[in-house]
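Asks: Heads up: the sequence lines are chains D and S, in that order. So the first sequence is numbered by my numbering: it starts at 3 and just counts up by one. So the second sequence is numbered by my numbering: it starts at 6 and just counts up by one.
If you're looking for bench data, these hints aren't it; they were derived computationally from the structure. This one's a predicted model, so the numbers in the text were calculated from it and none came from an experiment. Be a bit skeptical, because a hint or two may be false.
[To be verified] The calculated lysine-lysine pairs, modelled on DSS-like cross-linking and capped at a C-alpha distance of 27 Å, are:
id	chain 1	residue 1	chain 2	residue 2
1	D	Lys-146	S	Lys-13
2	S	Lys-104	D	Lys-158
3	D	Lys-48	S	Lys-13
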Amino acid sequence: MFADFKSDGFMYCIILAVIIFVCMQALFFLKKAWARGKELGITTDKLKNAVTSSAIFSFAPAIGIAVTVITLSVALGYVLPWIRLTVIGAIQYETTAAIAALEAAGLTGGISQPVTDPEIFSAIAWVMTIGSILPLILIPIILKKIQKGVSDVASKNSKWMDIMTAAAFIGLIAAFIGRGFAGTGSSKEAIIGDGAGVLSLTAIIASVGFMLFFTLINKKLKKNWIEALAMPLSMVLAMVVVVLINQFLPELAAIEWRY
Amino acid sequence: MNKTYMDKVHTWGRIWCVASLIFFLCIPVAISLHLGVWPRAEIVGKGLAAIAFFFVTGIVEVVAYSPMLGAGGTYLSFVTGNIMNLKMPCALNAMENAKVKANTEEGEVITTIAISASIIVTTIVIAIFVVIFALNPSFSALMSSDTFAPAFQQVTYTIFGSLAATYFVKHWKISIFPIAAVTVLLLFVDPGIGVLIPVGVVLSMLGAHVMYKMKLV
Numbered sequence: 003m004f005a006d007f008k009s010d011g012f013m014y015c016i017i018l019a020v021i022i023f024v025c026m027q028a029l030f031f032l033k034k035a036w037a038r039g040k041e042l043g044i045t046t047d048k049l050k051n052a053v054t055s056s057a058i059f060s061f062a063p064a065i066g067i068a069v070t071v072i073t074l075s076v077a078l079g080y081v082l083p084w085i086r087l088t089v090i091g092a093i094q095y096e097t098t099a100a101i102a103a104l105e106a107a108g109l110t111g112g113i114s115q116p117v118t119d120p121e122i123f124s125a126i127a128w129v130m131t132i133g134s135i136l137p138l139i140l141i142p143i144i145l146k147k148i149q150k151g152v153s154d155v156a157s158k159n160s161k162w163m164d165i166m167t168a169a170a171f172i173g174l175i176a177a178f179i180g181r182g183f184a185g186t187g188s189s190k191e192a193i194i195g196d197g198a199g200v201l202s203l204t205a206i207i208a209s210v211g212f213m214l215f216f217t218l219i220n221k222k223l224k225k226n227w228i229e230a231l232a233m234p235l236s237m238v239l240a241m242v243v244v245v246l247i248n249q250f251l252p253e254l255a256a257i258e259w260r261y
Numbered sequence: 006m007n008k009t010y011m012d013k014v015h016t017w018g019r020i021w022c023v024a025s026l027i028f029f030l031c032i033p034v035a036i037s038l039h040l041g042v043w044p045r046a047e048i049v050g051k052g053l054a055a056i057a058f059f060f061v062t063g064i065v066e067v068v069a070y071s072p073m074l075g076a077g078g079t080y081l082s083f084v085t086g087n088i089m090n091l092k093m094p095c096a097l098n099a100m101e102n103a104k105v106k107a108n109t110e111e112g113e114v115i116t117t118i119a120i121s122a123s124i125i126v127t128t129i130v131i132a133i134f135v136v137i138f139a140l141n142p143s144f145s146a147l148m149s150s151d152t153f154a155p156a157f158q159q160v161t162y163t164i165f166g167s168l169a170a171t172y173f174v175k176h177w178k179i180s181i182f183p184i185a186a187v188t189v190l191l192l193f194v195d196p197g198i199g200v201l202i203p204v205g206v207v208l209s210m211l212g213a214h215v216m217y218k219m220k221l222v
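Required output: the full structure, derived from the provided sequences and hints.
Replies: In C-alpha cells, the structure reads:
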C-alpha cells in the first residue's frame with residue numbers, strides 16, 4: 003500500500019484532506035437545501051427519498067469509478083488517480099491528461115509503465131489539475147447570469163420552458179442511447195464492449211425493461227420505496243444481465259457493429 | 006423563486022468554488038514541495054496544449070448543464086466531476102421521483118439534496134474500494150476481469166436506459182427525433198460524447214420547438 007513516493011504517507015494525507023473537504027461541502031449544501039425544502043413545504047418523505055434514491059443509485063457507478071482507478075494505478079500508483087477521480091474530472095479526461103504529460107516529457111509508453119521520475123509525476127499532477135479547473139473559474143462569474151436568464155425565460159412562457167427543459171434532458175439521454183446503438187469504440191484497438199454492439203444494446207433494453215416493470219408495479223402498489231429504488235435496481239439488474247450474457251453466450255456478447 | 010435563498014446559494018457556491026480552486030491548486034504544489042522537485046514549465050505547457058480541447062468542453066458543460074443541475078447542483082457537481090455519468094442522472098431521477106420541475110425552487114432544493122447525497126456516497130465507496138484494491142491486488146484483478154468488466158463498461162448505458170424509460174414514455178413525441186438524429190449522425194461520424202451531448206441537446210430542443218410551434222405538443 004505504501005509502495006513508493008507515489009503512494010507514501012504524504013499522498014494518503016492529501017487524499018484524506020480531499021475526502022474531508024468534498025464531504026464537508028456536500029453536507030453544507032445538503033443541510034441548507036433540506037432546511038429550505040422544509041420551508042417550501044416539501045414533505046420529509048420526499049426529501050428523504052431524494053437522499054435515499056441518490057445514495058443507492060450512486061453505489062454501483064462509484065464502484066465503477068473505483069475500478070477505473072486501477073487503469074491509472076500502474077503508472078501513477080493508487081493515490082493520485084484516487085484524488086483526481088474524487089474531484090472534478092472523469093476517467094477519460096484524467097487518462098488523456100496523464101498521457102499528454104508523459105508524452106510532453108518524452109515518454110511514449112503511455113500509462114502501461116510505472117512512472118519512476120518524481121519530476122514527471124509532479125508534471126502529471128500539474129497538468130491534470132490545471133487542465134480541469136476552468137469551470138471553477140467560470141462558474142462564480144457566469145452562473146448567476148445563466149440562472150437569471152433561464153429564470154426570465156421561464157417566467158414569460160412556462161409551457162414552452164417546460165417543453166424545452168424536457169427536450170434538453172431528452173437530448174442528453176439521446177446522446178448516450180444513440181452511442182449505445184451506433185457509437186464507435188474509444189480506441190483504435192478492437193476492444194470488446196467499448197463500441198456499440200450486443201452488450202450495449204442489452205444494457206439499454208434490459209434497463210428500459212426493468213424500469214418500465216418497476217414503474218408498472220409501483221402504479222399498482224404505490225409504495226415510496228419502489229419509486230426510490232426503481233432506477234438503481236433497474237441499473238444493477240441490467241448490469242447482471244450483461245454479465246450473464248457475457249458469461250453464458252460469449253460469442254453473442256462479442257458481436258459489435260461499431261469498433 | 007425566493008431571491009433571498011437563491012442569492013444565498015450563489016454566495017455560498019462562489020465561496021466554496023474559490024476555496025475548491027485554491028485547495029485543488031495546492032495539491033500539485035504540495036506534491037512538488039514534498040518531492041523536492043518542480044516540473045519544467047515546457048513539459049506542463051506542452052501537456053496542457055495537448056488537452057486544450059477540454060478547456061472548450063469545460064465551457065460548454067458549464068453553459069449546457071447548469072440550467073439542468075440548478076445553482077447548488079452546479080456548484081457541487083463541478084467540484085467533484087463525473088457529471089454526465091453520475092450527477093446529472095441523479096438530479097434527473099430525484100426530480101422525477103419528487104415530481105418537481107427544473108428551474109423552480111423546489112427543483113433547486115431536490116437536485117442539491119440528491120447531488121450532495123451522491124457525492125458523499127460516491128466519495129466513501131471509492132475510498133473503500135480503492136483501499137481494498139491497494140491491499141488486495143487479486144480483488145482488483147477480479148473486478149477488472151472479463152467476468153465483471155463488461156458490467157462496468159456498460160454501466161453508463163444502464164443508467165441512461167433507466168432514465169430513458171421514464172422520459173421517453175412521458176415525452177415520446179419529442180423523443181423520437183433526437184434519438185433518430187443522434188443515431189444517424191453516429192453512423193457517419195462519432196465526435197465523442199463531449200461534443201455529442203450538446204449536439205443532442207440542441208437537436209432535441211430544436212425539434213421540440215418546431216413541434217411546439219406546429220402545436221403538436
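Asks: Could you run down the list of hints and mark each one as holding or not?
Replies: Tested hints:
no.	hint	in the structure
1	D:Lys-146 - S:Lys-13	holds (11 Å)
2	S:Lys-104 - D:Lys-158	holds (22 Å)
3	D:Lys-48 - S:Lys-13	holds (23 Å)
Of the hints listed earlier, there is not a single one the structure fails to meet.
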